Amino acid sequence: MESAGYNPPQRMMDKRCLAIALLLVGLIPAAHAANWDQPAGDLAKQIATLAGPGPAKLVIRNESSLAPGEIPVIRRLLERDLRGFGIVTGGNDSAMLIRLTLSENLQGGLWVAEVVEGTETRVTMLPVALGAATVSASGPSLTLRRSLVITEPDAVLDAQIFSVGATQRLVVLEPERILIFVRSAAGLSFGGSVAGASNWVEDQRFAIARTRAFPRDVRGELVAAPDHLFDAYLPGVSCTGTNTGAQLAMACADSDDPWPISGPVGLTQRAFYNAMRDSFTGVLAPGFGMEVAPFYQASDIARPTGTGLLMGGIDGRVMLIENSTVKPVTGASDWGSDFAVIRSECGSGVQVLVSGTGAGSNGDSLRAYEIVGREAIAMSAPLPVEGAVMAIHAAGNNISGETGATVIVRRDGPVRYEVWNVSALCN
Amino acid sequence: MFRRSAISAQWAWLPLLCLTLSAAARTRPHYGGTLRMETEGDPWQMPDGMARRLVLDTLTTVNDAAGAQPALAIRWESQNAAHRWEFWIRPGVHFQDGEVLTADTVAAALTDVCARPAAGMGACPWKTVRGVGPSVVFVSEAPEPDLPELLAQTEFAIARQDATGAVMGTGPFRVTGFVNGALTLVANDDCWSGRPFADGVELRTRRAVRDQWLDLSVGKTDVVEVPPELLRQAQQQHLNVLVSRPVDLLALTMESSGWFASREMRQAAALAVDRTALYNVIFQKQGEVTASLLPEALGGYSFLFSTERDLDRARALRGGATTPGLTLGADASAADMGATGQLAAERLALNLHEAGFNVQVAAPGSHVKAELVLRRVHLEATGPRAALDEMLARFGQNSSVSGTDAAALWREERGVLNAETVVPLLWLPRAWAVGERVRDLRLTPDGAPLLADASVEGAK
Amino acid sequence: MTLRQKMLLMLALTVMGVVAAVGWTGSVRVRHVFEAIDRQQTDMLVGQFQREFNQRSVDTAEAMGRMADSDVLKRIAFDLGNGGDSAPYLTVALPLAQEYRLEYLELVTHDGSIISSLQWTARFGYKEPAIAATGKPAFLKQEDLPDGTSQIGLFATRTVTGSDPPVYVVGGRQLGAEFLRNFPVPAGTQLLIYRNVSGAFDARNFVGSREALTAGDHYRALVDDARSGGNNTEGVVYPTGRDEDSMSVTAIPLKTPSGDVLAVLLVANSRRSMVEVQRHIRDIAFGIAGLGIIFAVVASLWIAARISRPIEELARAAGQVAAGDWETRVEIRSRDEVGDLARSFNNMTRQLAEQRERLVQTERVAAWRELARRLAHELKNPLMPLQITVENMVRAKKLPKKQFDEVFNESTTTLEEEIENLKTIVGRFSDFSKLPRPQAVEMDAREAVRRVVKLYGPALEEKHIELGTSITAEPLPILGDSELLHRALSNLVLNAMDGMPEGGTLTVSAVRARQTARISVADTGAGLTPEECERLFTPYYTTKQHGTGLGLAIVQSVITDHNGTIAVESVEGGGARFVIELPLAETAEA
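So the protein lines, in turn, are chains A, B and C.
For the first sequence, position 365 (counting from the first letter as 1) is numbered 1168 according to the working numbering, and the numbering increases by one without interruption.
For the second sequence, position 258 (counting from the first letter as 1) is numbered 1210 according to the working numbering, and the numbering increases by one without interruption.
For the third sequence, position 258 (counting from the first letter as 1) is numbered 259 according to the working numbering, and the numbering increases by one without interruption.
It is worth saying that the hints were derived from the structure and are not from the lab.
Fair warning: this is a prediction, and the values are worked out from it, not measured in the lab.
Glycine included, each C-beta is placed from N, C-alpha and C at the ideal position.
Some hints could be false.
Some chain A residues near chain B, calculated using beta-carbon distances under 7 Å [what the hints assert, rightly or not]: (1) Leu-880; (2) Arg-1019; (3) Ala-1028; (4) Asp-1081; (5) Ser-1140; (6) Val-1218.
Derived CB-CB ranges, DEER-like [said to hold, decoys possible]: (7) Pro-871/A x Gly-1085/B: 40 to 48 Å; (8) Phe-1091/A x Asp-1064/B: 54 to 62 Å; (9) Val-1320/B x Phe-202/C: 25 to 33 Å; (10) Asp-1056/B x Gln-99/C: 57 to 65 Å; (11) Asn-1310/B x Asp-284/C: 57 to 65 Å; (12) Asp-1064/B x Thr-1014/A: 42 to 50 Å.
Derived lysine to aspartate or glutamate pairs resembling EDC-like cross-links, with alpha carbons at most 20 Å apart [said to hold, decoys possible]: (13) Lys-1237/B x Asp-86/C; (14) Lys-1321/B x Asp-1283/B; (15) Lys-1237/B x Asp-80/C.
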């Protein structure tokens, strides 16, 4: 039953599970080195309040997703810090046993130290933050590289970085609000939002005023504006973000205006959005003088003959409008509904970053294609995604100065939304 | 930072979630079609019957990481050290019969819930609830810092009865009838949270699990239940399965009176219990062995509560006392597990026999008073403190959690468990098998299918 | 009992005795025949059970063998042998048992740990010792069940073919109601199994029929004998207490290979047919006996006509004679001994009548003589003074008038007195002949006594007679004529006073004695001889010098008219005591 359906054939299930496991294992080489100084010091202090100075035996057990290689590091740091409090570890015959369990819960890591003396056991705990990693996947001619921008507990529709002078602001569009982040000079943030390498901290937040209910699969888009900073489009609502010096101002209003079709080329087409069905109606402004079927996603794309419009129809077919002609794209049967056109130094310089349909794979994935003629040709290996790709938006040149796309991924267990910047590197 | 590379045994359930991912969004969902679902239980049963979840909404919802989220309430704030809470009701929300949702209707609905508490539910944590303008004000005698999370529990869903007595809610579906053993629901086009993708839901109830699976295999239904003990089998049969994290606690409770008046005797019974056998065999290695009121993923410290069996100590604690004929019964929720619940009860009775307790298992459906009760308690909260609060309420414990950090929660829990009236045994997940027509079906944090967010393959 | 009744009874008893003897003999014979048939049937059933049991043992062992050789179990054993997890096989016993039609099945590892148990799923991981019997023929085993009960089953243990390490299957079928239901048993025969799972007898351990459970206690003795002795035992059981429901039961202990009695098989043959035949015979016997009695009546009537009627006539005639009919005669119907007896009876009655006539005439003469004598005696006494007075008056005629008048007056006075005396004497005789019938009204007998005592109290005192009274406190209601009773009692008191001329003690009492009022008047006078006592109430009999002999006769007449009795008790020289008993009035009794 190999098909283009969205529910994968069942016989593939085990392989997909295996792939996830392999993926998790495969992350080891790309993992960041961690700094355990602070947690080890804090825990040692807490242990010292329970144990008092003296010899002790330290046993460390890992019950978390921590890599085994980190354990000796943590042990060394902890032993060092304990010595500072007069607790000397190492003696197997010590009357005192310190049993450290590196545990984990939905909120993050939890280090639990049990100090056992005789029949008495005292316990202390220390919450430890979790981090993220950068993952890449290389293919035939280019490698997709993704880096985590931010993680949010609530649904994220789009996220873009806009520069105001020397200041970069990360604007995160959510169904109920717009969050503004600025870069932090400090270290890791352990708040509700977990920042990645860029260490964004929340600066402002604006509620989105609306009078109509959103559709269930709400979508939204951030678009840079020529006369102000950006526009945000949501079903039946549009917002305008304006720079007012150190802060941003936001104004939202009900609106059925067509959304601009984004893309690297800067085509001036706009499309009317059907707020009840989460898709574009097919009516374009100014349009191509032809009838276009309803579609989910569209982007302009540089073609040898000029500019084309790539559309993902609600019937699952990918169409290319080129020279006022609608052409079906072949080789796109395993495309998902979300894609964005990106530019790179590789190949033709124009690739389409596409989410997978989920068929035949374990979890979601991203893959770069080039449209050669009417055929979509894969340019990279699938980049596995531990979660579901919820949206892909062209990022232009704004995010980190790279050409790429913003990918919103929903992760489960616990549910959270990750904003990734994905770009293409040449092999 | 942690390297996300190794999977310890504790997180072994994670790969199962990949099954969940298989149904996650790949393409935009389509509208239309009817989702067909089958369940063994009553769709309206308190607290979390499926129809209640489809028709009704709560003031808040919870997600795993961020606690309470706005739902029918758009914001809230506490006053007087969490003795008083004010929740502002979302404007412009209508019941399915067109009636406007107001603070007063919310207060009336919650008052009604508290007046008729369902079996196994704790008492309402507030003393009074009333509508004040656009907001609902809760006043409690004790501080209720987790009230926003608490209000996300389905037992506090907002319901109204129309003139005909039909239950009306603000949820994504409304009931249209009951035909041939199936509850039919249609999409609520004006739902404040957006019209569901499916045009309707056909909920066939009181269907045996084996029949559900058969219906799924022949395409007569789309979503069916998979009890934990059949999860392994479902996977072997290559069913497309969605598995929640552990959300049901199987526990043995003892009354601190009669034969079990002394703590030593209760402790002896607790030490005689062999959780590993329950986990490995009866529940086919699903969920997690526990002696804690919170699953490991929530608390992170449950290993501090020993799950080891110590028969010698149990015998020593019991002493030479000859026990009278004790009865081990199953509460309604455990009895809903059918043969598996009975099997677990019989296994526990065997364990207790080994420690010298003369225990007989009450026959299913019998209403004899049992000294030992096997209970299955469902957990909805996602925050550790709220979860512990919820579990304490479910087990009828009067104490409320005051601390916020993990250590405080552990101390609180240890204090309760030391009384040995509640013996946690296993945390079990909830699971559902999904047909090929269904797309984007996900589970709520407490393991219920989010049918409103799912769509039907082939619909326009 | 009349002669006819005796004869009837004798004849009936004779007939019934004969019928009973025949009936009993028939019944005993029938019982023996039935018992013999019952024994044969039981032996046949026991043999049949044994054959069926053996066959089922073989079937069970074969089913287990086939199962042990099945691909399913081989695959499971292979999986387990290669380190596979046993948990997924927790419920595998159920489909296997259904396929091989077994009621017990356990899958057991090489170390005896149960992987899957059909009968007690929760026992996984626990040890099953029955694997020691692997490869042996089927055997009986007690199986504990999760509800706390135990069952008996026919088990076999086999090793799964090719398993390494070995995997065992222990399975069997329940020795219960279903097992018994499939046995071909003739109508009226019942198979029961008592499961020997508890120390003391418990009727709930019966399998086979509901009746056995309700009336199980009736089997206790048999079951206990079979359990303790280990041998077959037989007996009759009355489950409902009625004969027709009784059963001839043979209890056969069923043993484990080690000789322990695990169960007792009870082959119960209904005794209904036998009881019904016996009852039939008895009914026939009763019928014959009834006919015999009718025959006896008819026969006795006929015999009476020939034998007993003359005797009965004789008896009736004798009775009539006794009642005073001296003219009674019997008819002489035959010339045999009865005829002679009748003739003699007629002669006897004729002679008796003649003698009586003579006696009456003699008595009448004697009475007249006595009456004449009494009259003469009574009249003689007043006549003598009359004569003397008259003679005095004649003589006084010669005296001067004054003296004559004085004598005359004195003599007329004497004459009047004596004439009055004569009138009194004549009046007494007249009273006796004209004693009135009592006018009975309800009265208290004590009042009559008190009245007499009160009346004669001063006279007694005058005569130095001490009076003693003993009158009960409770009323003594009688129906009587107070005047007559007073007269009677007065007579007795006067009689007593006459008996004690020198004084003495008169004791009067009135008490209740059963249904009578007993009034006694006792004196301490000279008393009476037995002869006097006998004749005391005869009219005109007196022991006194100047008595008319009518006083006590009047007393007796009054008392008799009151339906009472009067008696005298006396010892010569020891006084006399008259005792009157009058019936108490019915209202008082109530």
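Here is what the structure says about each hint:
1. Leu-880: Violated, because the Cβ-Cβ distance from Leu-880/A to chain B comes to roughly 15 Å (cut-off 7 Å).
2. Arg-1019: Hint on Arg-1019/A: holds, closest Cβ of chain B at ~4 Å, below 7 Å.
3. Ala-1028: violated, 26 Å
4. Asp-1081: holds, 6 Å
5. Ser-1140: holds, 4 Å
6. Val-1218: holds, 5 Å
7. Pro-871/A x Gly-1085/B: 40 to 48 Å: Check failed, 58 Å falls outside 40 to 48 Å.
8. Phe-1091/A x Asp-1064/B: 54 to 62 Å: holds, 58 Å
9. Val-1320/B x Phe-202/C: 25 to 33 Å: holds, 27 Å
10. Asp-1056/B x Gln-99/C: 57 to 65 Å: holds, 60 Å
11. Asn-1310/B x Asp-284/C: 57 to 65 Å: holds, 58 Å
12. Asp-1064/B x Thr-1014/A: 42 to 50 Å: violated, 30 Å
13. Lys-1237/B x Asp-86/C: holds, 10 Å
14. Lys-1321/B x Asp-1283/B: Measuring from Cα to Cα gives roughly 11 Å; hence the hint holds.
15. Lys-1237/B x Asp-80/C: At roughly 18 Å apart (the allowed maximum being 20 Å), Asp-80/C and Lys-1237/B satisfy the hint.
Hints 1, 3, 7, 12, counting from the list given before, are not met by this structure.
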